[in-house]
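Engineer: Keeping their order, the protein sequence lines are chains C and H.
Anchor point for the first sequence: position 119 equals 119 in this note's numbering, and the numbering is continuous, going up by one each time.
Anchor point for the second sequence: position 165 equals 165 in this note's numbering, and the numbering is continuous, going up by one each time.
Any given hint could turn out to be false.
Where chain C lies over chain H, by a calculated footprint (3+ residues, C-beta under 8 Å) [what the hints assert, rightly or not]:
#, segment
1, 87-93
2, 110-123
3, 129-135
Some chain H residues judged to face chain C by a derived CB distance under 8 Å, without partners named [to be verified]:
#, residue
4, 37
5, 56
6, 57
7, 63
8, 66
9, 80
10, 83
11, 147
12, 149
Label-pair restraints from in silico Cβ distances [as the list claims (entries may be wrong)]:
#, chain 1, residue 1, chain 2, residue 2, range
13, C, 4, H, 25, 22 to 28 Å
14, C, 403, H, 136, 22 to 28 Å
15, H, 223, C, 795, 23 to 29 Å
16, C, 403, H, 81, 37 to 43 Å
Hints were generated in silico from the structure; no laboratory data involved.
Only a predicted model underlies this, so the values are computations on that prediction, with no experimental measurement involved.
The beta carbon of each residue, even a glycine, is placed where N, CA and C say it ideally should be.
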Amino acid sequence: MLSAPWRKVMSDARAARGRLVLMGLALAVSGAALTTMLSTYVVLGRELGRNYLSTNPASAQLLLDRSDAELARAIARFPGVADAEPASAVWGRVALPNGGVRPALFFVIPHLGRSRINTVRLQSGDWPASDDQLVLERSALEVAQASIGDSLTLEFPNKQSARLKVVGTVHDPSLAPAWQEQVVYGYVTPAALARVDPDLHILKVTVVPAIREAHAIETVAHGVAQRIAELGRKVREIRIPPPRMHPHQSQVMTLLAMLLGFSACGLLLGAVLGAAIVGGFMGSQAHDIAVMKAIGARSVQIAVLYLVLVGGIALLAAVAAVPLGLLAAAGWVGASARLLNLDIAGVRIPWFVAAASAAVAIWAPITAAGLPVWLGSCRTVREAMSEWGLARTSWTPDSSTRALVRVRLLSTAAALGVRNAFRRRARLLLAVAAFASAGAMFIASAELRIAWSDNVAASAATRRYDLEIRLQNAASADAVRHIVETLPGVRTVESWPVADVAIDAGDHIAVSHSYPDEGHGRITIRAVPLETRLLGAQLMAGRWLRQNEEDAVVLNSAAQVALPGVKVGDSLDLLIRHEPRLVHVVGIAREILAPATLYTTAEGLAGRDFSAASTNAVRVALKPGTAADAAAVDAVANAATDALESAGIGVRGIVSEKLIRAAQSGHIRILISALGFVVAITTLVGVLGHASMLSTGVVERTREFGILRVVGAGAGDIRRVVLSEAMIGGLLGAAAAIPLSLPISQTIGRIVGRVSGQPLVLELAAIPVLAWLSVCVAASALGALYPSLRAARWSVRATLAGPSLT
Amino acid sequence: MADIRQGSLIDLRGVCKTFDVPSGSITALGNIDLQIRLGERVAIVGRSGSGKTTLVNMLTGIDSPSQGVIEVAGAHLHGMSQEQLAVWRGRSVGIVFQFFHLLPTLTVAENVVLPMDFARHGRPTQRLRRAHELLEQLGIAEQAGKLPADLSGGQQQRAAIARALANDPPLIVADEPTGNLDSTTSDQVMTLLAALAHQGKTVVAVTHERDLGRFFDRIISLRDGRIESDSRRASAIA
Numbered sequence: 001m002l003s004a005p006w007r008k009v010m011s012d013a014r015a016a017r018g019r020l021v022l023m024g025l026a027l028a029v030s031g032a033a034l035t036t037m038l039s040t041y042v043v044l045g046r047e048l049g050r051n052y053l054s055t056n057p058a059s060a061q062l063l064l065d066r067s068d069a070e071l072a073r074a075i076a077r078f079p080g081v082a083d084a085e086p087a088s089a090v091w092g093r094v095a096l097p098n099g100g101v102r103p104a105l106f107f108v109i110p111h112l113g114r115s116r117i118n119t120v121r122l123q124s125g126d127w128p129a130s131d132d133q134l135v136l137e138r139s140a141l142e143v144a145q146a147s148i149g150d151s152l153t154l155e156f157p158n159k160q161s162a163r164l165k166v167v168g169t170v171h172d173p174s175l176a177p178a179w180q181e182q183v184v185y186g187y188v189t190p191a192a193l194a195r196v197d198p199d200l201h202i203l204k205v206t207v208v209p210a211i212r213e214a215h216a217i218e219t220v221a222h223g224v225a226q227r228i229a230e231l232g233r234k235v236r237e238i239r240i241p242p243p244r245m246h247p248h249q250s251q252v253m254t255l256l257a258m259l260l261g262f263s264a265c266g267l268l269l270g271a272v273l274g275a276a277i278v279g280g281f282m283g284s285q286a287h288d289i290a291v292m293k294a295i296g297a298r299s300v301q302i303a304v305l306y307l308v309l310v311g312g313i314a315l316l317a318a319v320a321a322v323p324l325g326l327l328a329a330a331g332w333v334g335a336s337a338r339l340l341n342l343d344i345a346g347v348r349i350p351w352f353v354a355a356a357s358a359a360v361a362i363w364a365p366i367t368a369a370g371l372p373v374w375l376g377s378c379r380t381v382r383e384a385m386s387e388w389g390l391a392r393t394s395w396t397p398d399s400s401t402r403a404l405v406r407v408r409l410l411s412t413a414a415a416l417g418v419r420n421a422f423r424r425r426a427r428l429l430l431a432v433a434a435f436a437s438a439g440a441m442f443i444a445s446a447e448l449r450i451a452w453s454d455n456v457a458a459s460a461a462t463r464r465y466d467l468e469i470r471l472q473n474a475a476s477a478d479a480v481r482h483i484v485e486t487l488p489g490v491r492t493v494e495s496w497p498v499a500d501v502a503i504d505a506g507d508h509i510a511v512s513h514s515y516p517d518e519g520h521g522r523i524t525i526r527a528v529p530l531e532t533r534l535l536g537a538q539l540m541a542g543r544w545l546r547q548n549e550e551d552a553v554v555l556n557s558a559a560q561v562a563l564p565g566v567k568v569g570d571s572l573d574l575l576i577r578h579e580p581r582l583v584h585v586v587g588i589a590r591e592i593l594a595p596a597t598l599y600t601t602a603e604g605l606a607g608r609d610f611s612a613a614s615t616n617a618v619r620v621a622l623k624p625g626t627a628a629d630a631a632a633v634d635a636v637a638n639a640a641t642d643a644l645e646s647a648g649i650g651v652r653g654i655v656s657e658k659l660i661r662a663a664q665s666g667h668i669r670i671l672i673s674a675l676g677f678v679v680a681i682t683t684l685v686g687v688l689g690h691a692s693m694l695s696t697g698v699v700e701r702t703r704e705f706g707i708l709r710v711v712g713a714g715a716g717d718i719r720r721v722v723l724s725e726a727m728i729g730g731l732l733g734a735a736a737a738i739p740l741s742l743p744i745s746q747t748i749g750r751i752v753g754r755v756s757g758q759p760l761v762l763e764l765a766a767i768p769v770l771a772w773l774s775v776c777v778a779a780s781a782l783g784a785l786y787p788s789l790r791a792a793r794w795s796v797r798a799t800l801a802g803p804s805l806t
Numbered sequence: 001m002a003d004i005r006q007g008s009l010i011d012l013r014g015v016c017k018t019f020d021v022p023s024g025s026i027t028a029l030g031n032i033d034l035q036i037r038l039g040e041r042v043a044i045v046g047r048s049g050s051g052k053t054t055l056v057n058m059l060t061g062i063d064s065p066s067q068g069v070i071e072v073a074g075a076h077l078h079g080m081s082q083e084q085l086a087v088w089r090g091r092s093v094g095i096v097f098q099f100f101h102l103l104p105t106l107t108v109a110e111n112v113v114l115p116m117d118f119a120r121h122g123r124p125t126q127r128l129r130r131a132h133e134l135l136e137q138l139g140i141a142e143q144a145g146k147l148p149a150d151l152s153g154g155q156q157q158r159a160a161i162a163r164a165l166a167n168d169p170p171l172i173v174a175d176e177p178t179g180n181l182d183s184t185t186s187d188q189v190m191t192l193l194a195a196l197a198h199q200g201k202t203v204v205a206v207t208h209e210r211d212l213g214r215f216f217d218r219i220i221s222l223r224d225g226r227i228e229s230d231s232r233r234a235s236a237i238a
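Produce the complete structure using the sequences and hints provided.
Structural biologist: Okay, here's the thing in structure tokens:
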């Protein structure tokens, strides 16, 4: 049996249940969002690591002239080395059923199915039982347009080909999803591609567990390279991926941390809105509090009563929020896993995540409500009594009301609603803040989508070519150009030879930080024709290359990110095709969404085994009609391959501009959907909070609504008064969202730019702003629905007889 | 009785009002029969709890009877919905309260325009003009653009009277109109109300101040929810 004071508080809560329910809903929604993001952060962080580490990833991969089991056994005994295994990777193409081709990377693995380093797990079907079989990475089936049981035609340089049957799929979590890179990943035995290349060229090495830092691994790798050289083999390159990190780990975790931060802000907003509602609630209890104090209650006793009420609401909200958040997290993690090609062993969310979410969801509203509860509890009896009743002019018009009096509006009812909105400016400010913060996120996420699409389009615009043909070996640039130029549909052919480049650490062995897919972490150097018509990069600093310059390079945007601190005028010690070269940075060019590239002249790229007249890559621009037809583009690619191979020039692979664009578009998908989730939650919190505060304001002016009914206002008139008041919060919030979106957009652009390695500039756009304005209008109308319907239903007698606070 | 009813603006027959409370029910009005003619000036007096406000709430449609029939200005109030009552009230009754009840965020003129807006009375420009005319009649034209908080009590009550007259209703009801005013101002306000009868309006005022009875033609005294006495004065202050 509750004592009288607790019964009073329960009855107060029942009387104000509409507002308190809205407040509870706002807290529950924001709490659920925080739980979702925190759980997702913890689970994805764990699963990314678990998936990647389950493959026992190589600490380093050394590219050799020849690798074998004997060498591996010798290196496995090297100090600091835990294990070593030979392997290889061969680039080729897969012919598609529709006549097109896709680039393909084949991992050649002795004892496929029993490897110890960079392991893959059989997903479906079987391991290859004979040399005419292969397995594909599960995400590559879609890219190859194949199913288990199909036979694929694999094409290699020098007209080599193989027809292998797909007998199974594997899961290789160390790779980005194939659809993201538009590359087919296959796994074969050495015998399957023996005719293409009989030797293995990679030695995979893992270090002992005690060695964890990248520089320590590099030291071991250099030692291994030296030992290999002593054994008579030649080391071309050392690849050391970031230790123990999935290729996308830092990007995903950075983005999730950003979203977690935004969710925390959403909960904070919900708590502050709740505090505003509690403040209004305390105001409505002023008379009762005065009576309680007059008969002996202390401020602390009163404060405890109402804080416990707030705590109860927060607890109920948390009870709803945490399970919902965990459920949403399970869905979110599942969707992210599909996007990242992960296997989630179980969405086991640690108990401390749920506990932390619940604790924050309960603590934040209680803390925020502490001040209004205390202030309401500390009022003296006299102060509290004097606030009772509309007759006593307890509200003095302020400057804003007097200013608004001079504004002529369409109707008196509209004027009433607008001016009422400004009577409680702190509350109006909170409503504006709610709509502004949600709107800023909305606008920023829309701008992100636009900016990324613009980047993809701008990147495409700088790529004024339709195909890039990579050759297996160096060939005469003139010969290649001549062969390709004569093909139907071809407009322009230019020689764009390319080589991997690494910073020379002193032992002339190229060291890169790329992953096994040879995509992430690479820097290349290209010779570009000075009179090129196929590159649209803009010079940001310094100058472009000059004729016959042998040691000048221009960095593109991604190269500048990959080589932090390097600026115009600096010199770089590089290894180009394993030859040491000193180059000078003469310019920086803006190139959007392009891999890290240093541009140089043909003379600059020439070396011991590669002349200025040679090329290993050409770029082809097609005639407009051909370029617009995907099938025609594929036909040209096939024709170019046939023509070159027939001339004895091996083709390593062909990449079309359309494939590049498709891969670029896919990279941002997860972030945009996550931002959309946060925006939706913040908007919902804002709408609920606004509706609740509006309801509080309407209750405070109960008697005024009674007067309106007395002088003839119908239900529709009452609704219009409340609606015009609601619209003020919504419209001001929409306006405030615009300047607030600027720093948020900048932050998101900076973060996304950093994780994607591409500068991203988010600019204010009209469509998102107008869209948000529409959302605010609709949300305001929705928020006004409950309080306006309630006010219109009040009995006139009760509203005139009861106390009312202004 | 039929003759009396024929000229009646207000006709209450067998009106009862009970309120349910946890301890049982309270009869606020018991079997009231009352007719008031056009142009009468009627004071309803009685002690606190006698049912004065409840009776006035019946006349104005603010509350509905538990039993009985209420006809005011040609409308059967007992059968009307809240929505219908609000519309009827705006057009047929002007109410003046003890605490004025002007809306604090509207100017004096806007408070007067408000009932005309709700009743769609005339065009918007005409409404504002009428508001100014009414304020002029009541001697507070210069206060038109001010907010109620800037006015004295007497000025606010005049503004409230102007609001009550906005839609030119046949009936003016005042609930303790001078309860918050000093004696001099009270006399001024009561004089204004009394003068409305000469404009053909029926004025019903609730008051506990018996010395204001000189402003009225008829004084109805309530006690415990029933009419204790109903007397007409030979001469009232015109």
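Engineer: Take the hints in turn and mark each one as holding or not.
Structural biologist: Structure-based check of all given hints:
no.	hint	in the structure
1	87-93	holds (count 4)
2	110-123	holds (count 7)
3	129-135	violated (count 0)
4	37	24 Å, violated
5	56	11 Å, violated
6	57	6 Å, holds
7	63	4 Å, holds
8	66	13 Å, violated
9	80	12 Å, violated
10	83	6 Å, holds
11	147	5 Å, holds
12	149	5 Å, holds
13	C:4 <-> H:25: 22 to 28 Å	25 Å, holds
14	C:403 <-> H:136: 22 to 28 Å	27 Å, holds
15	H:223 <-> C:795: 23 to 29 Å	27 Å, holds
16	C:403 <-> H:81: 37 to 43 Å	40 Å, holds
Hints 3, 4, 5, 8 and 9 from the earlier list are contradicted by this structure; the remaining hints agree with it.
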